[in-house]
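Asks: Sequence:
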Amino acid sequence: MNSGGSAVAEARLLSEFRYHQRLLRWLGVMLFIVSAWTLSTLIPSYLALAPAQTLSGQSLAWSLSQSITADLDQDKLQWAAERPGPHWASRALSFPAEAEFVRVEFCLNNDVPAETAAVLLASVRDGRLDFNRQYRMNSFYSGVAGECFNEPIPRRRGDGPAIFQIQLINGPAALSLNSLDVTPLEENPVWRITRMGMLTLGIVLIVLVLKDYLAVRPRILVFAGLMTVLGILFGCCVSVSLKADIYELLTGGRSIDARHSMQALLQTQFPLGGFSLFTFMHAVLFCGATFFLGLARRYAWLDMLMLAPATETLQLFVPGRGPGTRDMLVDWFGVAVAVLLVFLLRRSQRVRAFLEDQGVNENTTGLG
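With the working numbering applied, the sequence shown corresponds to residues 1 to 368, in that order.
Source of the hints: derived by calculation from the structure; they are not laboratory data.
It should be emphasised that the depicted structure is a prediction, and the values quoted were computed from it without experimental measurement.
Yeah, the Cβ is synthetic: ideal placement off N, Cα and C, and Gly gets one too.
Don't take every hint at face value.
Pairwise CB distance ranges, derived in the manner of DEER restraints [what the hints assert, rightly or not]:
1) Thr279 - Ser6: 26 to 34 Å
2) Ser94 - Ile193: 28 to 36 Å
3) Ile193 - Ile220: 39 to 47 Å
All chains, full assembly: derive it from the sequences and hints.
Replies: Written as structure tokens, this is what we have:
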């Protein structure tokens with residue numbers, strides 16, 4: 001009896017030790033998140049390659065679609081359309097060949113409802129007006145008068161002329177700006193070193209938190225779950241260029257033949273939409289990881305809930321990428337769906353029997 005009681009006590013102590021060890025590891029991840037946001041605020045990510053170009057006061061440089069009117073003086077830029085859209089205004093721009101990003105800055109003069117206006121930028125490369133690598137180019141803007149936006153849009157070294165386009169999605173609609181500037185940028189060398197170190201540290205901390213799953217059974221469920229987590233990390237850490245290549249492979253990509261005259265390109269409406277496909281894929285991956293690991297271990301869903309803000313924070317250190325509250329909510333939705341599925345499956349006697357045969361009870365598991 002004493003021997004049995006001692007074994008139980010030792011097992012309880014070991015369980016408590018592992019619990020506190022796991023808690024400390026997640027605390028390390030949370031400290032990483034706080035440090036990451038602090039560093040991203042303190043260290044500028046980009047350096048200007050040339051002075052900002054002011055796009056106001058140059059009405060002749062803009063090419064307008066039909067049924068759109070413009071008032072482009074030194075103090076404001078205003079576009080309006082009375083008929084159903086879409087409508088657009090375009091102009092050609094040139095940047096230094098070594099520019100890696102273009103910062104677009106503007107402030108609203110009027111209230112803009114959701115899905116009213118879009119800001120787009122595409123560059124000529126290899127005879128095509130290429131949209132595939134412009135990860136954040138198709139940005140729908142909405143806000144109140146006086147609100148300002150600052151958007152670094154990715155380019156590639158060696159890209160040719162660019163076309164900047166403002167779209168009014170549906171008429172009647174109006175967009176009024178009191179400023180519109182574009183600035184060619186290159187990455188800050190100090191930030192490059194910092195982001196590479198922080199990206200590596202973040203991945204290591206996440207791996208340390210999840211490595212305990214290697215001792216969990218059944219192995220097949222854990223393997224499937226960890227491989228899915230690996231897919232999540234890959235999706236968060238890939239560059240804009242590689243992500244665009246994947247997008248082009250999956251969808252055929254988006255580009256326009258640039259062998260036409262520049263005037264013809266200026267009169268072309270740019271395609272809207274972006275990489276929403278990847279947002280859906282992330283939800284599926286979080287759902288899959290939570291499902292497999294949740295069948296094998298109790299409270300695996302808590303790990304996945306914590307993983308969502310951690311992976312979003314990692315994107316602070318990937319050029320051209322950035323965290324998003326909406327993306328994190330989508331990830332959590334995937335976790336919630338998986339929790340429901342695990343709960344329903346574990347109500348099945350057959351599933352319970354299978355998991356018990358695989359030693360799941362030894363993992364102190366169960367989500368239902």
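Asks: Could you work out which earlier hints the structure fails to respect and list their numbers in ascending sequence?
Replies: The structure conflicts with hint 1 only, although it agrees with all the remaining ones.
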